[in-house]
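K.L.:
Same order as they appear, the protein sequences are chains A and B. No gaps in the numbering here: position 203 of the first sequence is 203 in this note's numbering, and each next residue is one more. No gaps in the numbering here: position 169 of the second sequence is 169 in this note's numbering, and each next residue is one more.
If you are wondering where the hints come from, they were derived from the structure by calculation, not from laboratory data. A couple of the hints might just be wrong.
Because identical chains share one entry, a pair is satisfied inside a single copy or across any pair of copies.
[As the list claims (entries may be wrong)] The calculated lysine-lysine pairs, modelled on DSSO-like cross-linking and capped at a C-alpha distance of 27 Å, are: (1) LYS191 <-> LYS21; (2) LYS36 <-> LYS178; (3) LYS185 <-> LYS21; (4) LYS191 <-> LYS178; (5) LYS21 <-> LYS36.
Predicted model only: the values in this text are computed from it and were never measured.
There are 2 protein chains.
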Amino acid sequence: MSARLIAVGIGPGDPELITLKGARLLREADVVVAPKASAGDDSVAGSIVAGLVDLSRQQLIEQVYPMRKGQEELDPFWRAAALEVAELVRRGQTVAFVTLGDPMLYSTFLYLQRQLRAIAPEVPIEIVSGLSSIHAAAALADLPLGIADERLAVLPATFEDGRLRQTLLEFDTVVLMKVSRVFDKVRALLKELGGRRAVYVKRVGLPGEAVFHDLDAVGPEDLDYLSLVIVRKV
Amino acid sequence: MSARLIAVGIGPGDPELITLKGARLLREADVVVAPKASAGDDSVAGSIVAGLVDLSRQQLIEQVYPMRKGQEELDPFWRAAALEVAELVRRGQTVAFVTLGDPMLYSTFLYLQRQLRAIAPEVPIEIVSGLSSIHAAAALADLPLGIADERLAVLPATFEDGRLRQTLLEFDTVVLMKVSRVFDKVRALLKELGGRRAVYVKRVGLPGEAVFHDLDAVGPEDLDYLSLVIVRKV
Chain A
1 MSARLIAVGI
11 GPGDPELITL
21 KGARLLREAD
31 VVVAPKASAG
41 DDSVAGSIVA
51 GLVDLSRQQL
61 IEQVYPMRKG
71 QEELDPFWRA
81 AALEVAELVR
91 RGQTVAFVTL
101 GDPMLYSTFL
111 YLQRQLRAIA
121 PEVPIEIVSG
131 LSSIHAAAAL
141 ADLPLGIADE
151 RLAVLPATFE
161 DGRLRQTLLE
171 FDTVVLMKVS
181 RVFDKVRALL
191 KELGGRRAVY
201 VKRVGLPGEA
211 VFHDLDAVGP
221 EDLDYLSLVI
231 VRKV
Chain B
1 MSARLIAVGI
11 GPGDPELITL
21 KGARLLREAD
31 VVVAPKASAG
41 DDSVAGSIVA
51 GLVDLSRQQL
61 IEQVYPMRKG
71 QEELDPFWRA
81 AALEVAELVR
91 RGQTVAFVTL
101 GDPMLYSTFL
111 YLQRQLRAIA
121 PEVPIEIVSG
131 LSSIHAAAAL
141 ADLPLGIADE
151 RLAVLPATFE
161 DGRLRQTLLE
171 FDTVVLMKVS
181 RVFDKVRALL
191 KELGGRRAVY
201 VKRVGLPGEA
211 VFHDLDAVGP
221 EDLDYLSLVI
231 VRKV
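Chain A extracted, bound-state conformation (with noise of 0.2 Å):
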């Protein structure tokens, strides 16, 4: 293989939902790359590609990314893997980046392009598409994303009020994502509109996976980051 930077989406966290192009370039890179939040935490998407990578022939790199930080923070250890990278790259290994769902899509992958771009703009960058947790949540809860001509909104259920009660409004269906620090404020507005079936998924794909069709159903101890709820008009 020619040396270069592979983002592959892994997809939920079923190991199985990986693509077989995804597998295939990741028993054939040089290096895999996985992120983590912290030090003493194990990768996710690391354990999740465990049985497709083999440590007697291929490196694994995991590096640290502090989730749930502001922006100015974790620049600094995005610009050291991107230095990182392009340096394996450089030296002509293959370099597969894992990253959960797909990488065009609320990953981590497009922070380390961002700074690939700026900080080494030669690097050859190919992205090899992952199933996103939206498409497996609604599988799960068994609730469609788009029929025909509706639409559908993607949003963190984390902007104001105002915004959120338009969305659901206006879309027939609705996924909001890192709806944990908020699901007791969605939970009260979806409960004023009315007129919607909303079911929350919890870490679909991963350990502790659970579905509750029924919000009220819910405890503080279900909530997670790696949740969603989707919203759809009946």
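Since the structure of chain A is provided, determine the placement of chain B on it from the hints.
P.N.:
Below, chain B without anything else, positioned relative to chain A:
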């Protein structure tokens, strides 16, 4: 395998973009059902999975679903398809229905599922998520669908101008599906609004795939039903 209907999302077209699970269940199924637009056509989905189906031990059934017709005209086709699938499952067969993209988003499967629930609710249905063309198109166009707290809208471009304009103003990224029939109006609207990158992606993952980073370079001969435009604020 236990008798049931399995909806397998086969992704946008590249056979390597099927998931490991989708490929395995297709190989294990007794019957593979592939939809096609008319009796004289080949099945696009069927041709994508041809390399995974073994006709010496598996049955391949093509079902006709005319596209771009009204719901009333289509319903009899879906009912007949659902009856055929239900009969196969009742006889103990495992039936894999292949659908382009993801089964939960703008898929043929959602119509089949609706009919099956009405006429044969006892048939177990399993859904295996697939890669939507939206993600593959974003990778090809090199346009993120969402970063950090951004908002994404997906809608058929056939909506009347006022709502389309409103959505383009309110969302960071907008994916316009089924854009070929209203391409000129969409192009004019985007010119008027300004401040956005727009990429036309034609037949992603299929024969005839093409990417246009300049909408003015898109001629009438480039318009295709399986095409979309990704619009992103800059």
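K.L.:
For every hint, state whether the structure bears it out.
P.N.:
Structure-based check of each hint:
In this homomeric assembly, LYS191 and LYS21 never come within 27 Å of each other (Cα to Cα): the closest approach is 43 Å inside a single copy and 37 Å across copies. For a Cα distance limit of 27 Å, the shortest separation of LYS36 from LYS178 inside one copy, 18 Å, qualifies, whereas the shortest one across copies, 39 Å, does not. In this assembly of identical chains, the alpha carbons of LYS185 and LYS21 never lie at most 27 Å apart, being 41 Å within a copy and 37 Å across copies at closest. For the identical chains of this complex, LYS191 and LYS178 are intra-copy neighbours only, at 19 Å inside a copy versus 34 Å across copies, given an alpha-carbon limit of 27 Å.
Taking the shortest alpha-carbon separations for LYS21 and LYS36, both the intra-copy value of 23 Å and the inter-copy value of 26 Å come in at or below 27 Å.
Hints 1, 3 from the earlier list are contradicted by this structure; the remaining hints agree with it.
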